[in-house]
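Going down the list, the sequences are from chains W and Z. Using this note's numbering, you'd call the opening residue of the first sequence number 1 and step up by one each time. Using this note's numbering, you'd call the opening residue of the second sequence number 316 and step up by one each time.
If you are wondering where the hints come from, they were derived from the structure by calculation, not from laboratory data. Do not rely on the hints blindly, as some may be mistaken.
Derived list of chain W stretches under chain Z, where covered just means 3 residues or more per stretch with a C-beta under 8 Å from a C-beta of chain Z [unchecked claim]:
hint, region
1, 89-99
2, 108-116
3, 246-260
The C-beta atom is built at its ideal place from N, Cα and C for all residues, glycine as well.
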Amino acid sequence: MLSRVAERIYWQARYLERVENTARLLNVFSNLLLDLPGRTKLGWRALVRITGTTELFATRYNIATESNLAQFLIADDCDASICSMLSMARENARTTREVMPTEAFERINDLHYYAQSAADSAAVRSARNEMLEHTIESAQQIFGMLAGAMSRDSGYTFVRMGRALERADMVTRIVDVGARKLFTHPGKGSVAPRFPEPYEGILWMSVLRSQSAYQMYRQHVRRRVNGEDVVRFLLQDEEFPRAAIHNLTTISKVLSKLPKNEEVAGLVDEARRHVMQSQVADLIEEGLTDYIDRLQIKFAAIHNAITHTWFSPRN
Amino acid sequence: MQIDWQTYDPGAFHDEMIERPGAPRPTAQQLAAYLESLDRKDLDEKKLAARLAIKTMGISFTVYSDGQNIDREWPFDLIPRVIPAREWEVTRRGLEQRVRALNCFINDVYNGQKVFKDKIIDPELILDSVNFRPQCLGIEPRYGVWAHICGTDLIRDEHGRFMVLEDNLRVPSGVSYMLENRRVTKRVFPELFENYDIEPVTEYPQELFDMLASLSPRRQAFPEIVVLTPGIYNSAYFEHSYLAQRMGAELVEGSDLVVENDRVYMRNIGGLSQVDVIYRRIDDMFLDPAVFNPESMLGVPGLFKAWVKGNVSLANAPGAGVADDKIVYTYVPEFIKYYLDEDPILPNVPSYRCFKDKERQHVLANLDKLVVKPANESGGYGMLMGPQASVAEREEFARKIKDNPRNYLGQPLISLSTVPILGEKAAEPRHVDLRPFILQAADSYVTPGGLTRVALVKGSYVVNSSQGGGSKDTWVVMG
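Okay, chain Z solo, but in the shape it has when bound (with noise of 0.2 Å):
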């Protein structure tokens, strides 16, 4: 026997699968049983096979610094991550209900900004944003939304749990490699699928589609949708192709594009044919030279003004991101009751806004207890982790939060719950965070579940994938 539940020990956190030393929980029973029956031999192979399964299956991510080997394989643990439908369910509409009073904020922000005349946040604390796009005034793209799709970051706490961590507006990634962690799974364990009645998630590019499909200016039956990225050395390429794959959709570069009369039309060997609606995976201020950042070489001048005339849909809409920011987080809840009246259904994580006073003093007072973040990074860079830092770097953020209250954000260190991954020896708890994708227009979509991700290193809470971190199939179960 290789792995047993009776020597694995989860300690005081909520572990997901098995409660407390040789107890699963209900819906894992048969999952963990399973596990348990095969002897080392069958896990190597499978663990090996896995690996065979990525590499061929070319699943791969970019890390910048890598210099010349740009193309990385997929770090990728074997034990699935289960999640009971019911608590699931729950979650889904929360997720659905915090996208649509986060959409009602954007286009607010943008058209009228009621929501600076009622008092409910600082006009400041927006436009100041360096997300914030005054060229998007005025604007109303269709249903009103701007963040079509939106990758948000959950994570478990120590009762297990769903809190909201952060909400990625800009450009989430992550969505192909929850579907290829399926496709792996099923490679390479298709015994685990027996007895378990599991939510499918290869929907989600026919989703996708659908959506982008509605937000096309062209009434016609079949609408050009491309996939706008920013090239091989991106770092999330893979999953530009692969989505545009799926879909059906071109992959195209800046260069593949070209403005004229405020159309947006791509270069095609029969010459230039016109599209309609654009996923872009590019930031903002690379979109469009001549609007935004003039040195970018990834965007296309003009499109900027094609898509103020309504001539091409961007997903998602330029300016979404002002909402992309730790501080707006803060205020969510409250949107969701200024806007839907509605009580939220999913919790945020407990923050201390740096330039309110009292709060700020209780961050500075605490920086040893405290994770700080700064409001606008993405990818775990930035950030004070208190308890493990040393003096030197909590001086450091103290003067960065003195000069610069704006932009920092303290929360309590969140006991994140974990789960068994297949270890040298044997399995072993490791910490995860949870991101589901919810697709908006004039319906929402949210994934089954999402792309989780485990940081592979014992004790930490690091889950990037830049960073040392791997992934994990996720299955949300009925019964």
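This is chain W alone, in the form it adopts within the complex (with noise of 0.2 Å):
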């Protein structure tokens, strides 16, 4: 396989479960105000820390609004919009278009057109639930249609590789502002929750709900929702799909069959490693958000490994 068709592939596939936890975010979010009595600040700023685009979109807008919000986020001309991600998804399915199943591309294509236009009737709550959950179920459609209709073989595993590691990402992402908005830690080791106590578990049962996780949760953790036990579940339980754990172990599992994957190889172990040999528990203690930051740095230097191992043609 070309490296630029594997870079390509991997990239449309990461941009495409971006869109979908983008969407994701969104309509949890919308459906927490629901939930959420007025007096409850409910932070929009936590999605831009989310989405890792604090810098671009202090850039746009001054304040973090939910219209600014679902404007950024879905129709901005801009990296972290659901239509320009589209776009690109598109892109980069547009040129690969020789080793993707037809049928994936023109969902894909779909999807681009749909969300362009309704991209403008988003700013309303009712349109734009509707939207997001329309994305979510074609980009869950596209990943069906690669699964089933691409080989196992090396394009398979960039798309594998690529949804992977954004899931990680994402949900480590999403656990670091889940804790910042409920574990404080004014002193050493003093734990206070901040957020008023009653809405603690709605809080994070949206963080699940986020990542469809909620009824996993409840089936395999069987207590009352809680964040150690949550946070516990969306990094380190190997059998839910969008734990940290599970595609850290799908990368390290799908990459044994590409050529030169020790460092890769090395590095997704080394994740690994620092995902399951932490005390959630101690964690919370000490601060969530240290650990997360260092757990992203092993996912950038990943990803970084496999751009130059597989993408850079050697000269």
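Using the hints, build the complex out of the two chains.
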């Protein structure tokens, strides 16, 4: 497989997954708003942090309101919006048509046109929900088509790696924001909830929902929704498909099919150990944010290694 | 009723579907009746469905001057064009014959030049041509074939006779649209197919693949075949990607390839792997900066030498364009006699060559009646449409012809045949041409039918998609 094509496939999968995640986040946040009483101020700014677009957002908007966020993450002509990411996914698909199943290309193409035409209506909450749900469904459908029609060769391996790394990245960001909201550490060792206690459960449920994790959490954890368990579930549950560890394991399994995989494999194993060997209760005590930052750095290293191992053509 | 063939009047032109108002030609009778049975709502729905299908399928073409919006939807008309198989059979043989003769000629130009010694054509006309590549002298590609893929433009005159308008031997495009047009029609108009026995067109990518594979220098079960594209900004990018996909070949850009020890390799995730056959969709001059245009960013340094050494095959071969020239075109009937000792099956459009004194006089005296074409342009650019041109335009062309007679050719304006298109209110006649695709290596293959291009503007002869033309599904119908 050509390096250039591999790179485009990888990015296409990342963009598509990011589109799906962005749509989920927006949807969940909008719903969460409806669940919380007015006096509980929900920070829309959290969405900016989760999507890693703090600086970009600041160049465009002064305040993080619902309408600004919706505009920014759905319609704006910038890297963070669903519409632009879909254009990029489509562009990558258009330049890898020769290796992609035709139906999947057509679906991406459709979704791109759909998002453009629906973007304007997204300022209205009800229309926005519909748009986001359609986007999520379509992204799922596209990945389903790829899974159903692509041979398990290098091409599909890059789809899976792109998707898995994007998921691992996103879930850690979400955990980070949830933790910031809910655990404060005014002094060493003392943990006090800042968020009004009765609503803590609702917030963590939303975190779970944003990852389609609520049902599985219920079935597998079997305890009242609480921060520590949610963090553990989303980081360390090997069986849950959006959990960080599950995705790292996926990468380490699929990359065995690729040539020259030693460096990337080493980095992935390191990240897996970092996730699995941590004690969540202690992390919460010490401050989850530093931990997540270190993890994010490891993900970036994996991405860089993927890039220079397989995408940078030898001269 | 939306379509009423009684009110459809092709006038003095040869209409391929409706002979005269109310009288469809025999092969088109069922199609005409079916279309008549649809009401306005049905037709509007079908039109919309076709547009949506094209959008979804991502069938697009690119227009250079469009700036940001580089990717345009393909303009398509729903009513298929019908060609009876009996008529097509003759045309098919004519096309094969023509491409065989052209390849004999190209091979002769680069090996031996018998055609000059026998005074069939003046060597200057060839050796001074911008498409002649002296670097190719003495090279003998397999089967003596240089132009493996040819797109020949045909028109039908007022009597319905097929004539050759031009031979495209460099990097002819359009075949993907031919295939996609059929797919769109099947998707939105499946009912149409019920009563017809239509030659399928879907084999083309397979035929192309087999032809390319037969050129592989390494004799191995799975030769590595690639399609070399200039990239996404090229107007035919859709087609490059489409053909690569349908053949299961890699689509590569120049930067994906590298030459080492006169062998061509592509840069893979696992390192380098050798390439056997390149279906190149880049012009000669951009193929290899070491040999041709040194500024080219699209090509691969060393590619030409790898080809000369026989380590990689190029289709079409560099230098094949020497026969893709409107002056050479006028000699093709003579080449057919000279090389094949056969009578030409398909006629040329009568042509006046401006480098011949008498013929030039005729062109200059009749600029208001003739079409004047430059020898080396494609896509309908740089032409004079005499009858519609202004006095100033004609004077300008008279000057150009006198300055560079070798570069111009005059032809009478042929009354192109028409076919119905689905207009806003009714079916209306519009002019069409036809581009079949011919493959040649050891054997030949001709697409049944080809790409029909249609001038969507009433009365217009301009069928190019870059200039407002559309296209139609083309049926070769048995029985």
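Against the structure, the hints:
no. : hint    : in the structure
1   : 89-99   : holds (count 6)
2   : 108-116 : holds (count 3)
3   : 246-260 : holds (count 3)
Of the numbered hints given earlier, the model fails none.
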